[in-house]
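Residue numbers (my numbering), protein chains in the order written: chain A, 1 to 213; chain B, 1 to 477.
What the hints contain is simulated information worked out from the structure, not anything from laboratory work. Remember, it's a predicted structure, so these values are computed and weren't measured experimentally. Be a bit skeptical, because a hint or two may be false.
Unchecked claim - Footprint (simulated), chain A over chain B, 3 or more residues, beta carbon under 8 Å:
1) 151-164
2) 171-179
3) 188-200
4) 217-231
To be verified - One side only, chain B facing chain A, incomplete, derived with CB under 10 Å:
5) 10
6) 119
7) 130
8) 137
9) 138
10) 140
11) 144
12) 145
13) 147
14) 168
15) 281
16) 285
17) 294
Said to hold, decoys possible - From chain B, some residues computed to sit far from chain A (all C-beta separations above 10 Å):
18) 43
19) 45
20) 400
21) 438
22) 449
23) 453
We put the beta carbon where it would ideally sit given N, CA and C, even for glycine.
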Amino acid sequence: MTHPVDILLVVVILLNFLVLGTPALRMTIRAAALQGAVLAVLPLLVHRGFGWRVAAIAIATMGIKGILIPGLLEKAMRDIHIRHEVEPYVGFVPSLFLCAVGTGLAILFAGNLPLAPEHVGTLLVPASLATLLSGFLVLTTRRKAISQVVGYLILENGIFIFGQLLIEAMPFLVEAGVLLDLFVGIFIMGIVINHIRQEFSSLDTELLSELKD
Amino acid sequence: MEIALVLLPLAGAVAAAAVPSQKARPLVVPVVSVLHVALFATILAGGVSSGRGVWLRLDPLATVILGTVSVLFLLIAFYVPGYLELRPDRDNRVFCAVLLFFLAMTSLLALAQHLGLLWVAMEATTLATAPLLYFNRTARSLEATWKYLMIGSVGIAIALLGSLFLAYSAHLGGGEPSLLFEDLLAGAGSFSRPWLRAAFVLLLVGYGTKMGLAPLHTWKPDAYGEAPGLVGALLAGGMTNCAFLALLRVYRVVNAAGEGAFARELLVFMGLASIGLAAVFVVRQRDIKRMLAYSSVEHVGILVLGIGLGGIGVFGALLHAINNGLTKGILFLSAGNIQRAYGSKSTDEISGAISRLPISGSLFLVGFFAITGSPPFGPFVSEFTIVNAAIGGGHPVAGTLFLVLLGIIFIGMGSTVLSAVQGRPGTASAGTPYKDDLARTAPILVAAALVLLLGLYLPAPLVSLLEKASAGLEARP
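Start from the sequences, fold in the hints, and give me the full structure.
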C-alpha cells in the first residue's frame, strides 16, 4: 500500500510542474501556496506520535508558507497590475522538460545514497531534490521579480521536505528560526520589489542590468 | 555571559531607532561599539563559558573573528557620524539601527556553537545588510541590492541544505541527535561518508557565496561598488570573515570525521580559482570600488587557500583574516572619501587624489601597499606564512601559482591606484566642497596604524591565541 506521505509528495512534485508550465502569475503564486499548505501536513504524517511541537510546526508552516507569504505576493501583484510572466528566458515547454529531467535525476541520485531504515522506500529525498531543482529553475529562468521570489519559495519548500528526515534531531528553536527567516527574507524582497516598481515602473529584472564589467 | 555580546548591540539598535533627533542618532553607534569592545575584553579576561551543552561560547576561533569584527566595527562606528553629517537629506533611523543589528548578528554567528543557530545568524546578517546597501536609493544601488538578496538568499538556502545533509550524516552514524558542534566533533568518526562529503560541498557553495569565493562572487562587485564606503568595509572585513568562520566550523567536523584531505583539496582549488579570477578582473579596472571588490575576492581566496594547505597555512589564514579585515577598513573608508570629493569612483575622473585630499589619498595608497602584501604591513606576514606553508608543505605548484597571481594583482591594482592618487586633480573635483577632516580620517589612520603594527610585531598573546585556534581546527579525536 502506498504511504500517505508519498501521495502528498507526488502532489508536491506535480505542483512543481504547474508552476513551471503556467504563464499566469496568479497561478504560480497559488500553486506555491498550495504546495506550502500540503507541506504543512507533512510533519504530522512523518512524525510518529502527535506532540505539541509537531503541531506548532504544522500550524506555523501553514500560516507562513500557505497564507502569509502568498498573500504578500498577491498584494504586490495587484498593486503593480501585472498578470502574466511574458517571455521567460527559457520557454514554458523547455522548462517543463528540464523539470522532468531534473525529477528523474533526483530519483536516480537519491537511490544511490544510504538511508536510515525508516526512510528507505519513501519519496522524501527524491521529492526534496526535485522540488529544490524546480525552484532553482524558476529562479533562474524568469524575468519578473515576483516569479523569482516564487522560485525562492519553492526552493525553500524542497529544503523543508528534506528537513522532515530530521524532525527528531532538529530542536524547535531552529525550525522556528528557519520559518521566521524565510518570512523576513520574502518580506524584505517585497519591499525591494516595491522600490523596483517605483524606480522603473515595471517589475522586469531585465532592467536591472546596468552593473557589469 | 557571552549572550551579553549579542544583547548589547540589539538594545543599542532599539535605542538608535528610538532617538528622535536626526543629528544625535548617529552618536549611538560609536557609544554602543565602545561598550561592545569593552565587554568583549571583559569576557575574554575571565567570563568565558565552560562545560558541555553551551550554545554560545567565546572559543579561540570565535575570539579571533569576533575580535576582528568588533575592532573593525569600532573604527567604522567612529566614521559613521562624520559620514551621516554629509547626508542630512537621508533619514538615518533605519541605517543606524540596522548597523547595530548587524553587529548583534555577527556576534551571535561568531559565538554560535550549534549548526542551526550558526545558519540562522548567517541568514540574519544577510537580511540586515540589504537596507544598508540600498542607503543611496539610486537605481544602481537598487539593482545591486536585488542581486545581492537573490544570490545571497540562494547561497544561504544551499547552506541550509548542507547543514541538513550534515545532520542526516550524523543521524545515520547513530548516537545522540544533537547539532551542537562539540557533539558533532565527538561522533564524527561514525558519520555516513557520502552524506558528509555532499554536505561539505553544499556548505562550501553556500557559505562560499557569502564569502564571495569565485565563481560565486557575482554579487560582490555590484554590492561593494554601489554601497556607501563604510558598508563596503563592513561587508569586506566583517561579513566575509563571519562566513569564513562558519565554513571553518564545518571544516572542523569534516576533518574530525577523517575526510579532511577531500575538503582541503576543494579549498585549495576554490582558493586558487578566486585569486586567479581576481587577477583577471582587477587588471584595467577603472572603478576603484569594484577594484576593491575583486581584491576582496582575492583575499577570501587566500583565506581558504591557507586552510586548504594545512599546517602553518592555517595559522597564516587566521592571521590573514585579521589583517585583511582591518586593511579593508582603510581601503573602503578612504575610497569613500575620494568618491565624495570627486563625485565619481572612476579613474576617468579621479586623478591627483593625494594633492586634492592629502590624508585620504595617502591612506588609500598605504592601504593598497598593505593589501597587496608589501612589507612592513600585516598582510605581508600572513601571506608570507601561507606561501611558506605551500612551498614547505609539498605544494610547490600551488605556491608558485599563488606568487605569480599575487604579482599580477599587485601590478593590476597598482596601475589603477597610482593613476587615481598621482598627478593633478582634474576639473571634476572642483565641483564638490568636500574636505578631509578629523571625523572622517581619524578612524582610517588608526586602522592603518594597527595594520602597520601587526606587520612589525605580533604580540605573544595573539600568537598563542592563533596557535590554539589553528590547533583546534586541525585536531582529530
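Outcome of the hint check:
no.	hint	result
1	151-164	holds (count 6)
2	171-179	holds (count 5)
3	188-200	holds (count 4)
4	217-231	holds (count 4)
5	10	violated (15 Å)
6	119	holds (8 Å)
7	130	holds (5 Å)
8	137	holds (8 Å)
9	138	holds (8 Å)
10	140	holds (6 Å)
11	144	holds (6 Å)
12	145	holds (6 Å)
13	147	holds (7 Å)
14	168	holds (6 Å)
15	281	holds (6 Å)
16	285	holds (8 Å)
17	294	holds (9 Å)
18	43	holds (23 Å)
19	45	holds (30 Å)
20	400	holds (28 Å)
21	438	holds (34 Å)
22	449	holds (34 Å)
23	453	holds (35 Å)
Hint check: a violation occurs at hint 5 only; the rest are consistent with the structure.
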